[in-house]
Amino acid sequence: MKPPSEQPPSNLWSRPTTTREEVEQLKAALTDLKLTPEQLEERRKAAAERVQAFKTGVSSATLASRTD
Amino acid sequence: MPHEPRPLRLHAAEDPNTDPLVALGDTKQALYARSYLFDLDCCVIVEEPYYFDHDYLAEFGAFYGASARGYPNVCRRLTLFDSKVTDVATFEGHLDAALAGDAGAAKLLQEAFLGFIVLRPIPAAPFGRTVLRPYPPKAGVLERVTEPCRDYQIHLAGMPLIVKGLAWQQQDRGVSACATIAVWTMLHSSAFHERHALPTTVSITLAAHKTASLGSRVFPSDGLLIEQLLEAIKEHQLSPIVMEGDQGPPREKAFTKERFCGTCAALLRSGYPVLISGKRTGGHAVCAVGFRPVQQLSLAPGTSGLEDSNFEHIYIHDDNLGASVRFKVEEDPSTKAVQLVPDAPPLGPRGARPVQDPCVGVKPFIPRSIVVAVHRDVRVEPDKIHAEALERAELLSFALQSIGFGEGVSVTPKFVRLSRYLHDELRSVVAPKTIAGLRRALCEQVPPMSYHVAVARFGLRGMPLMDVIFDTTDSELNCAPFAHVVFSPVVDPLLNAVTRSSAELERQFGRRIQGF
Numbered sequence: 001m002k003p004p005s006e007q008p009p010s011n012l013w014s015r016p017t018t019t020r021e022e023v024e025q026l027k028a029a030l031t032d033l034k035l036t037p038e039q040l041e042e043r044r045k046a047a048a049e050r051v052q053a054f055k056t057g058v059s060s061a062t063l064a065s066r067t068d
Numbered sequence: 001m002p003h004e005p006r007p008l009r010l011h012a013a014e015d016p017n018t019d020p021l022v023a024l025g026d027t028k029q030a031l032y033a034r035s036y037l038f039d040l041d042c043c044v045i046v047e048e049p050y051y052f053d054h055d056y057l058a059e060f061g062a063f064y065g066a067s068a069r070g071y072p073n074v075c076r077r078l079t080l081f082d083s084k085v086t087d088v089a090t091f092e093g094h095l096d097a098a099l100a101g102d103a104g105a106a107k108l109l110q111e112a113f114l115g116f117i118v119l120r121p122i123p124a125a126p127f128g129r130t131v132l133r134p135y136p137p138k139a140g141v142l143e144r145v146t147e148p149c150r151d152y153q154i155h156l157a158g159m160p161l162i163v164k165g166l167a168w169q170q171q172d173r174g175v176s177a178c179a180t181i182a183v184w185t186m187l188h189s190s191a192f193h194e195r196h197a198l199p200t201t202v203s204i205t206l207a208a209h210k211t212a213s214l215g216s217r218v219f220p221s222d223g224l225l226i227e228q229l230l231e232a233i234k235e236h237q238l239s240p241i242v243m244e245g246d247q248g249p250p251r252e253k254a255f256t257k258e259r260f261c262g263t264c265a266a267l268l269r270s271g272y273p274v275l276i277s278g279k280r281t282g283g284h285a286v287c288a289v290g291f292r293p294v295q296q297l298s299l300a301p302g303t304s305g306l307e308d309s310n311f312e313h314i315y316i317h318d319d320n321l322g323a324s325v326r327f328k329v330e331e332d333p334s335t336k337a338v339q340l341v342p343d344a345p346p347l348g349p350r351g352a353r354p355v356q357d358p359c360v361g362v363k364p365f366i367p368r369s370i371v372v373a374v375h376r377d378v379r380v381e382p383d384k385i386h387a388e389a390l391e392r393a394e395l396l397s398f399a400l401q402s403i404g405f406g407e408g409v410s411v412t413p414k415f416v417r418l419s420r421y422l423h424d425e426l427r428s429v430v431a432p433k434t435i436a437g438l439r440r441a442l443c444e445q446v447p448p449m450s451y452h453v454a455v456a457r458f459g460l461r462g463m464p465l466m467d468v469i470f471d472t473t474d475s476e477l478n479c480a481p482f483a484h485v486v487f488s489p490v491v492d493p494l495l496n497a498v499t500r501s502s503a504e505l506e507r508q509f510g511r512r513i514q515g516f
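Respectively, the protein sequence lines represent chains A and B.
Quick note: the first sequence uses this note's numbering, first residue 1, plus one each step.
Quick note: the second sequence uses this note's numbering, first residue 1, plus one each step.
Calculated directly from the structure, the hints in this document are not laboratory data.
Certain hints may be false.
Where chain B lies over chain A, by a calculated footprint (3+ residues, C-beta under 8 angstroms) [unchecked claim]:
#1 27 to 35
#2 39 to 50
Pulled from the structure, derived: some chain B residues nowhere near chain A, Cβ distances all over 10 angstroms [unchecked claim]:
#3 11
#4 51
#5 215
#6 293
#7 334
#8 383
#9 386
#10 489
Here's a subset of chain B near chain A, in silico, CB distances under 10 angstroms, partners left out [unchecked claim]:
#11 194
#12 198
#13 411
#14 414
#15 457
#16 473
#17 499
#18 502
Predicted model, so just to flag it, every value in this text is computed and none were measured.
By construction, the Cβ of each residue, glycine as well, lies at the ideal position given by its N, Cα and C atoms.
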């Protein structure tokens with residue numbers, strides 16, 4: 001595989017099938033990974049906090065502004 | 001007076017004596033159109049002296065026909081060609097050959113065709129329906145996302161010509177204001193190509209006033225409330241979604257960059273243009289039609305992010321300026337609120353443009369809220385999909401961090417027709433030997449999926465890991481994934497680590513389908 005600097009720019013929607021060795025090698029380490037229910041619960045709470053920006057409502061104040 | 005026959009007129013672009021755009025003077029719209037066409041290497045302009053325009057005829061019937069000024073009911077149309085046609089004399093030869101049936105000449109004219117501009121006989125607002133080809137792709141950077149663009153076919157003396165773009169026009173304050181134009185562009189989108197007739201500005205203004213007039217007169221139209229925009233969208237058999245800024249006091253809501261860019265990118269990738277309502281000098285509305293993605297760097301370990309959360313340029317149809325105007329997405333250093341600043345593209349191969357930059361002096365535009373028209377069966381809002389996807393990405397990043405891996409997980413969602421996902425989207429990420437089995441598995445092993453689905457693609461820098469396919473037809477409370485398509489063997493142990501049982505795994509990520 002070419003180093004990143006020599007690859008054409010791409011993103012997750014445009015990229016052709018690629019693999020990265022260091023990612024593929026994760027499988028063995030992940031197989032033995034055990035996260036406790038407490039760890040997961042704590043992380044879920046943190047995740048819910050992290051996405052607050054996507055949980056706003058719509059206010060009538062905004063709706064009342066006229067655009068021209 | 002009946003209209004007298006007149007010949008087509010051929011002009012060299014930027015000829016100070018004959019170019020009809022030069023004759024329009026120094027309005028921002030005229031200067032912008034000339035700059036844009038110069039960058040596209042426009043060489044020849046064909047002026048049809050009579051063009052009966054669908055939109056203008058509706059405007060004439062609703063407003064201008066009753067004016068004492070004596071407006072005609074007919075427009076002019078400019079058809080634009082680049083330098084592949086060399087010059088006016090050579091172009092005329094190609095045109096005559098093409099009209100005589102010469103396939104080679106017709107092909108050349110199609111390749112040189114840049115789009116068209118309808119010029120209305122309205123002195124203060126001549127720019128009617130305008131469709132221009134986007135700038136060509138640039139080497140070394142990611143290609144612009146212009147998914148809302150669609151094909152428009154015109155006929156020049158019977159010769160068909162096709163341009164891919166999205167319609168823009170100037171507000172006239174008789175029939176339409178900025179918000180009307182933004183909705184009009186939005187409803188032209190490729191996403192609605194299959195099922196919806198193209199609206200006119202008249203039909204949008206009438207629809208906006210049908211149930212939400214609140215005593216204001218219909219014509220002349222000098223502005224719409226957001227409620228009226230939403231009503232106009234509903235009257236056109238689509239569903240409106242409103243998202244307001246996520247920071248600031250109620251009357252001055254603004255967007256953080258992550259939410260603004262992430263939301264616009266997801267919608268634009270889905271083919272939905274994005275109406276942005278906000279403040280420039282007063283209230284204003286524009287329509288975003290594309291953006292330029294940027295190459296992502298690795299996320300910090302233990303963190304998650306939207307892949308498109310920090311793009312730098314968004315392309316906007318602004319009726320006060322022109323089509324696909326390039327704006328830089330900036331963050332106010334103190335408030336972190338997003339503002340959009342006009343940012344002319346670098347000079348192209350032709351060098352300096354013939355006119356001054358019409359965007360000089362245009363103040364930054366501060367988005368306050370986003371409105372988008374989606375198909376009626378798409379009931380889940382983009383914010384919900386972003387939140388669901390990011391929450392899952394956070395857990396996956398945590399699991400990777402626990403084994404010392406040095407990157408976080410990024411995610412990029414979009415709405416897409418299921419058939420298109422199966423046919424087109426999977427091709428970019430699944431090996432040919434695998435794709436047939438994968439498509440069948442998605443049809444045979446997953447509960448029946450909705451016509452439109454929300455797909456969240458998870459990945460690490462340079463590598464997609466999986467797609468999670470969400471139902472779009474249920475309520476927010478019941479929002480759930482149908483399936484997840486696994487592109488890498490590391491995904492299964494990762495998912496096992498962040499879920500406590502196979503039942504939970506299926507509830508969180510849907511049915512597992514192998515895609516490698």
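Checked hints:
{"no.": "1", "hint": "27 to 35", "result": "holds (count 7)"}
{"no.": "2", "hint": "39 to 50", "result": "holds (count 8)"}
{"no.": "3", "hint": "11", "result": "holds, 34 angstroms"}
{"no.": "4", "hint": "51", "result": "holds, 28 angstroms"}
{"no.": "5", "hint": "215", "result": "holds, 13 angstroms"}
{"no.": "6", "hint": "293", "result": "violated, 5 angstroms"}
{"no.": "7", "hint": "334", "result": "holds, 18 angstroms"}
{"no.": "8", "hint": "383", "result": "violated, 4 angstroms"}
{"no.": "9", "hint": "386", "result": "violated, 5 angstroms"}
{"no.": "10", "hint": "489", "result": "violated, 5 angstroms"}
{"no.": "11", "hint": "194", "result": "violated, 22 angstroms"}
{"no.": "12", "hint": "198", "result": "violated, 22 angstroms"}
{"no.": "13", "hint": "411", "result": "holds, 8 angstroms"}
{"no.": "14", "hint": "414", "result": "holds, 8 angstroms"}
{"no.": "15", "hint": "457", "result": "holds, 5 angstroms"}
{"no.": "16", "hint": "473", "result": "violated, 20 angstroms"}
{"no.": "17", "hint": "499", "result": "holds, 8 angstroms"}
{"no.": "18", "hint": "502", "result": "violated, 16 angstroms"}
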